[in-house]
Amino acid sequence: MNKISDEQLKQLVEAAIFVADHPLSIKKLHATVLTDFDVSNAQLTSVLNEIELDYAPRGIQLVQVASGYRFQSNSGLGPLLSRLWQETVPKYSRAMLETLSLIAYRQPITRGEIEEIRGVAVSSQIVKNLSERDWIKIVGHKEVPGRPALYATTDAFLNYFALSSLSELPSAEEFEGEHEDSLQASLKIIDDPEQENQADQNASNENGAIEDAGEDITENEASQQDNDNLQPPTQSVH
Amino acid sequence: MNKISDEQLKQLVEAAIFVADHPLSIKKLHATVLTDFDVSNAQLTSVLNEIELDYAPRGIQLVQVASGYRFQSNSGLGPLLSRLWQETVPKYSRAMLETLSLIAYRQPITRGEIEEIRGVAVSSQIVKNLSERDWIKIVGHKEVPGRPALYATTDAFLNYFALSSLSELPSAEEFEGEHEDSLQASLKIIDDPEQENQADQNASNENGAIEDAGEDITENEASQQDNDNLQPPTQSVH
Amino acid sequence: MSETKATTQTEPTPLTQQQPLALAFVNGEALIEKPEDLYIPPDALEVILETFEGPLDLLLYLIRKQKFDIAELPVLQVTKQYMKYVETMAEVKLELAGEYLVMAAMLAEIKSRILLPKLKEVDDDENDPRAELIRRLQEYEKIKLAAERLDEAPRLERDFQIAHACPSDNVQPIKHMPQVTLKELAFAFADAIKRAQAFKDHKISKEVLSTRARMSMLMQILNPKTFTSLTELVDLSEGPAGVVVTFIAILELVKENLVVLEQAQPYANLHVKLGGYEQN
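Chains A, B and C are the protein sequences, given in the same order.
Under the working numbering, the first residue of the first sequence carries the number 1, and numbering increases by one thereafter.
Under the working numbering, the first residue of the second sequence carries the number 1001, and numbering increases by one thereafter.
Under the working numbering, the first residue of the third sequence carries the number 2001, and numbering increases by one thereafter.
Misleading hints may appear alongside valid ones.
Partial selection, computed: residues in chain C whose CB lies under 8 Å from chain B [as the list claims (entries may be wrong)]:
hint	residue
1	R2149
2	E2152
3	I2162
4	A2196
Quick caveat, the hints were computed from the structure, so don't treat them as lab data.
We treat Cβ as the ideally placed atom computed from N, Cα and C, and that holds for glycine.
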């Protein structure tokens, strides 16, 4: 058994609690990091108390939980620390948007009815996600065999879209102009016969293949990226 | 933008670094826990310096590694703290360390270039292991026949060795001095054929017994053909 | 080999002679140290060779062992010793020998150039292969030392661990939900309705064979007590499409945990009854 100074003991115990995967009990401390040292329980407890006091004014605290000691952030900092874990939920799928729109425009509606209109099954995940976002809820059951749930939108749904009532839901026609514009813009390149021909010619000249304008652009971009990839390594070194 | 006192800032930054899953850079701190606060980089750096000093006498310390700040246990406590885990610490082979060193010091480098310097083939297993540990990555391809991959080290490599940048690796020039040889002086001696012959004669005459013992064994056990293959054109010299 | 054999024949030396002698001259001074590694039993050699990282490493070892300068590269002595290792290596570990043999050839060539005055004059300054070997040895030694240094450097796991604190219970990940506009919603609705109408316009007996309707029908045929054979549920008069719809409807019901599907053994008939699988 070796001797260890109070200062060294404090450092060792503190570091052990910080690096361990689980809370450390006094017993576990004795069995692991202190196994070679002659340390009494009283000595260890006093060191733990000292550490606890040291951290009192800091952003983390030494706390004792059922299985032992661990360090934990101040709960007052919880809401701010939550920002360390941010997750972006992917954009909603077409199936999700159509399901939501059918519930909004045709409520109350059963899952079967949605499936009938869409012609495909509605996945449970979609219903779950929309419920979790608090945009839809079950408002009753249809009195047909199986008594399927009837879905409707919530106030949270109205609030999100800044609607005061469902009657304010717009029809697609109200956006019709915009819709066409955006469609036209995206089709423009392909619709322009001259440009397409030119691209075609370029493609055939360069590699004898017939490619449309879209593919040509992609190819240029791809090779550009390749070149870029070669450059940075030397820079990132320093 | 809200105001935050230096004391609160210190608590928040400290707790954030302690609870985060990865090292936190100043940029990341701004983008997460500090997003609502009006904190200058100078203020943040000064708080980080304060925290560093606070922990100087303790069992853990604040360090800056490639991807940001983290707390880690004092290196001196390593052997004691390793008792917290059953598994033994991985050891790395010379082949792996030499390959890694070459990638670290000569990046970006191809496998062929590594093999040329080491004088032996680099096993795929080593490259695979280093890639799986996320210590090396392909950063491009060399524009020579076969377009071999160019390897470089990653931030994860620097983090593992608690380095904040490659410039913290001991400079390669340091190794040159370790066996300081005067190339000039030595070339002069070697260029003197008399001395070289003399040395050779000494070696073959006076050391003949031991050498012969070795040769005999070799000759007995290896086929004559093998020996011929090994035979350099020197035999005609004597 | 025959080189040494010739020496042995002209000057036979007893095998027992082992007193320390000047083996080489370094910077004009005789080096008196017996390289004890000159003779190694082949068994031990195999083990030792595995510790070398290749011909450059072996060469470096031979040079350093005798306290030579790399830059002096005592080609004659080193070549002899190197050959011994390589020969033994060829016996015990043939597949290793390739790289070592290339080096052996290079050493032999350098040696011949040193010893042949004619060749030496021609070659002199430019293109001295010894210079190239010295450069490679120095370069390799640098990396060897760098690797040793890296191995000694403090590192995670062995020398230090990351210090962590648990987030307090009220730390919850923040989810950024996707944004949806009224326009997207309106168009999604319009698209769904348009498609539904397109289906209707194209009539389609598929409507007759809707999976949902078939699911409801099956729910009424089946009972929770006894299993019904799959063959009883299929109406062959509906043709292949009907069989497919029935089968999909059953799978759909299984998915929704409304029926239980059982099979006694592979390829045996399937049986269905109302009820759900234990949720775990």
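We went through each hint and held it up to the structure:
1. Given the 8 Å rule on beta carbons, the hint for C/R2149 holds: about 5 Å separates it from the nearest Cβ of chain B.
2. At its closest, the beta carbon of C/E2152 sits 10 Å from a beta carbon of chain B; the interface hint therefore is violated under the 8 Å criterion.
3. Here the hint on C/I2162 is kept, as its CB sits about 5 Å from the closest CB of chain B, short of 8 Å.
4. Of the supplied interface hints, the one on C/A2196 is violated, with its beta-carbon coming no nearer than about 45 Å to a beta-carbon of chain B, more than 8 Å.
The structure shown violates the earlier hints numbered 2 and 4.
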